[in-house]
Amino acid sequence: MAGLNKVVETYDQALAGLTDDMTLMVGGFGLCGIPENLIIKMQEMGVKGLTCISNNAGVDDFGLGLLLQKKQIARIYASYVGENALFEKQMLSGELDVILTPQGTLAEKIRAGGAGIPAFFTATGYGTPIAEGKETREIDGRHYVLEPSLTADFALVKAWKADTMGNLVYRNTAMNFNPMMATAGKITVVEVEEIVPAGTLDPNHIHTPGIYVNRVIKGSFEKRIEQRTTREA
Amino acid sequence: MAGLNKVVETYDQALAGLTDDMTLMVGGFGLCGIPENLIIKMQEMGVKGLTCISNNAGVDDFGLGLLLQKKQIARIYASYVGENALFEKQMLSGELDVILTPQGTLAEKIRAGGAGIPAFFTATGYGTPIAEGKETREIDGRHYVLEPSLTADFALVKAWKADTMGNLVYRNTAMNFNPMMATAGKITVVEVEEIVPAGTLDPNHIHTPGIYVNRVIKGSFEKRIEQRTTREA
Amino acid sequence: MALSREQIASRIAQELQDGFYVNLGIGIPTLVANYIPDGMEVMLQSENGLLGMGQFPTEDEVDADLINAGKQTVTMATGASLFSSAESFAMIRGGHVDLTVLGAFEVDVSGNIASWMIPGKLIKGMGGAMDLVAGADNIIVTMMHADKKGNSKILDACTLPLTGAQCIKKVVTDLAVLEIKDGAFHLLERAPDVSVEEIIEKTAGKLIIPDEVKVMNV
Amino acid sequence: MALSREQIASRIAQELQDGFYVNLGIGIPTLVANYIPDGMEVMLQSENGLLGMGQFPTEDEVDADLINAGKQTVTMATGASLFSSAESFAMIRGGHVDLTVLGAFEVDVSGNIASWMIPGKLIKGMGGAMDLVAGADNIIVTMMHADKKGNSKILDACTLPLTGAQCIKKVVTDLAVLEIKDGAFHLLERAPDVSVEEIIEKTAGKLIIPDEVKVMNV
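Residue numbers (my numbering), protein chains in the order written: chain Y, 4 to 236; chain X, 4 to 236; chain R, 6 to 223; chain F, 6 to 223.
The hints are simulated quantities; they were obtained by calculation from the structure and are not laboratory data.
Virtual Cβ for every residue (Gly too), placed ideally from N, Cα, C.
Take the hints with a grain of salt, since some may be wrong.
[To be verified] Calculated lysine-lysine pairs in the DSBU-like style (CA-CA distance at most 35 Å, straight line):
1. X:K74 <-> R:K211
2. F:K174 <-> F:K153
3. X:K73 <-> R:K126
4. R:K154 <-> X:K92
5. Y:K226 <-> X:K164
6. R:K186 <-> X:K92
7. F:K154 <-> Y:K92
8. Y:K221 <-> Y:K137
9. Y:K74 <-> F:K126
10. Y:K73 <-> F:K153
11. R:K186 <-> X:K73
12. Y:K189 <-> R:K174
13. Y:K164 <-> X:K221
14. F:K129 <-> Y:K221
15. Y:K189 <-> X:K137
16. R:K76 <-> X:K73
17. R:K211 <-> R:K126
18. F:K153 <-> Y:K92
19. F:K129 <-> Y:K164
20. F:K186 <-> Y:K51
21. F:K154 <-> Y:K226
22. Y:K137 <-> X:K189
23. R:K154 <-> X:K189
24. Y:K164 <-> X:K92
25. Y:K137 <-> F:K219
26. R:K154 <-> X:K226
27. Y:K137 <-> Y:K164
28. R:K154 <-> X:K164
29. X:K137 <-> R:K219
30. R:K76 <-> X:K221
[Unchecked claim] Partial pick of chain R residues on the chain Y-facing surface, computed with a CB cut under 10 Å:
31. E20
32. Y26
33. G44
34. E46
35. A82
36. L87
37. A91
38. R98
39. H101
40. P197
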């Protein structure tokens with residue numbers, strides 16, 4: 004019996020069942036903490052018509068930019084998409100439907116999706132184009148917008164370490180959107196740098212409990228840096 | 004300058020400004036992870052007319068039961084109050100106003116309060132007495148209840164360790180409601196077993212960032228056990 | 006013969022599947038943990054903030070900071086994780102728990118459940134029960150078929166205030182395994198030596214009896 | 006003389022208080038970190054999930070897993086903590102950040118701010134700016150008083166799509182410090198060697214001039 008063991012050996016197994024027109028969540032902030040090999044695999048698979056929920060859209064030749072290259076993405080929910088010329092072209096030509104969402108609202112919509120909360124009120128975006136067509140309400144003298152939650156067919160997550168039962172630990176700011184997305188995918192696939200035996204991670208310091216995780220695969224990562232800023236030693 | 008140092012030396016300093024008729028959040032599940040010395044101090048102070056938000060109400064002679072003894076609590080939000088005879092008496096006599104709230108809804112109302120979300124929808128309680136008088140809505144074929152968030156004048160929290168900047172780590176199931184309450188008090192006071200220098204807790208494994216914490220005090224704890232269940236060695 | 010509490014628990018354990026995350030309520034549901042089949046991996050969730058509940062501690066292992074939702078001292082199983090009440094109920098409300106087992110005072114043909122409040126008696130509170138029944142797709146209610154006076158608790162409509170509406174699909178009692186669908190209880194299994202007639206007699210709600218009724222394997 | 010970017014940053018730094026948690030936006034706001042008074046403890050929040058942002062790393066310290074909201078490699082300050090984007094914006098939306106400093110294209114007498122979108126140009130997205138302006142009680146907007154052609158950006162009503170409505174109370178430009186209240190800009194301070202007349206000329210929105218206008222200390 005497989006039991007609670009979530010480890011898979013190949014990227015084919017990791018993304019089995021991912022097909023055209025699905026909705027995907029893809030972790031990361033900029034190029035930090037993105038499931039880079041899962042994205043490369045999706046480019047190989049050639050799945051099309053995807054709806055991607057991701058804070059950013061990668062750069063032209065890395066991250067979700069790889070899927071833009073092959074016009075695999077039909078729609079994207081993101082908060083900031085500024086570093087990508089392909090993106091611009093496809094958006095202006097109408098090939099790509101872009102739903103810009105404030106970063107905190109995006110994070111909370113995903114958390115809500117995973118937590119069984121279908122909608123919540125937030126002050127973010129009230130009085131701006133983001134609130135157009137949405138229900139608003141005054142509560143205790145402030146104005147709020149009702150935001151529905153988000154879920155996905157697949158959540159593609161990057162973590163630092165996993166144990167064999169899918170308990171996850173993230174590292175530094177590579178955490179970002181990954182923990183919420185892990186809770187909001189019907190199938191959650193996690194790429195990690197290291198897989199350790201169950202029972203070796205401190206139970207008090209697991210960021211994502213294995214209950215949310217369906218598959219874990221060990222990858223090796225380029226971890227490209229967008230802005231390498233340094234000071235003199 | 005005090006700067007980011009949150010450490011106070013006395014329980015008087017810890018609860019300075021806490022007065023009659025205030026709303027308090029009090030961490031803990033049963034007697035596990037309760038700010039026991041802060042509660043004892045409140046009994047000494049004799050503050051009255053309090054609204055307490057706490058999953059349980061302690062037992063007759065420990066936890067919030069101490070405040071019930073002196074009739075200091077006017078109203079309580081809780082999910083389960085079954086282990087307390089004083090509680091029963093005051094509730095039946097009308098001295099105590101009890102707002103029973105499903106445990107998960109209570110936890111989420113507090114999280115929402117700390118996170119600037121004034122209200123959210125949940126399926127919990129739909130079709131039950133809990134939904135009476137509340138707005139309900141059908142979303143994608145399911146029925147939901149709109150729940151407003153909760154905040155408090157003071158949040159009284161028990162953590163395991165704090166650093167001097169108020170970064171907190173909890174231990175085992177003594178975590179429970181404490182992290183959310185830490186975010187939802189205008190003034191958040193934390194009792195801990197140990198205070199360590201800032202910079203000595205692993206930044207990746209801080210449960211509550213110090214931004215939420217106003218005061219930290221080191222206490223010594225009885226940690227009473229409600230049901231000591233054991234097996235043969 | 007009606008089933009004992011242990012037999013009910015052992016029957017429910019047959020509903021477990023390898024790799025399941027399970028929340029067991031207080032009472033008979035707790036006993037289910039004793040009947041997990043050998044070699045099957047099941048992880049127990051305790052809604053106060055523990056996934057991977059282990060057995061009771063030895064005297065030396067007792068830790069006041071480690072209790073279950075019934076406030077009993079427990080240990081952690083291999084691969085356990087700890088988290089806040091908000092995270093715990095995000096897990097429950099979000100439908101991540103594969104199976105929830107809990108007790109009830111009454112269930113009815115619409116899948117309603119009443120389990121937390123008897124008007125006129127002291128109200129202790131619903132704890133996490135309302136969240137559990139609202140969040141889980143797969144719930145088994147365990148209860149006695151009738152009270153001590155023989156009054157059925159398997160009804161056309163619950164008489165007590167509800168814990169959740171239209172959420173229960175399966176009930177295991179001391180007499181029978183019932184499925185709730187299309188506005189009726191469907192008799193799936195009977196306890197050994199319990200007649201279909203006795204079940205009919207003690208079931209107040211609409212009951213559908215198939216041509217053949219399996220005997221529980223307990 | 007109009008202030009340099011560094012001088013604007015140094016003036017804003019005077020608004021810091023000991024023990025403040027501060028979110029600094031991209032551009033001039035980032036420079037404020039260089040002017041934190043000696044001995045003052047201030048913690049910088051970066052909305053991608055870091056409280057306690059430190060200086061840039063040395064070449065040896067560069068870590069692809071540790072960046073700020075501007076996607077620059079950074080280090081952690083003593084007492085730093087790391088968390089998810091949901092937690093980061095819970096902090097922001099919940100009003101826990103003491104001071105937010107960010108740039109803008111336009112502000113107006115109602116406290117509206119436009120900072121993310123110029124119709125007809127490429128839309129890059131609002132990132133976290135809408136959450137920051139909605140969540141903070143204490144926001145300082147930093148911007149040039151007028152564009153290169155001399156057109157005022159301090160208006161009666163923003164012409165660009167808003168980032169937030171009625172949320173801005175203080176603006177520091179290259180010419181002046183302004184407070185927004187009662188439907189007008191109030192001139193609090195002028196830059197050294199910048200005349201009140203020049204400020205009046207370059208302010209399109211309703212402007213109240215008090216009897217005495219302090220000169221900025223930069």
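Unmet hints by their number, sorted upward, for this structure: Hints 1, 6, 8, 10, 11, 20, 21, 23, 24, 25, 26, 27, 28, 29, 31, 40 contradicted; others consistent.
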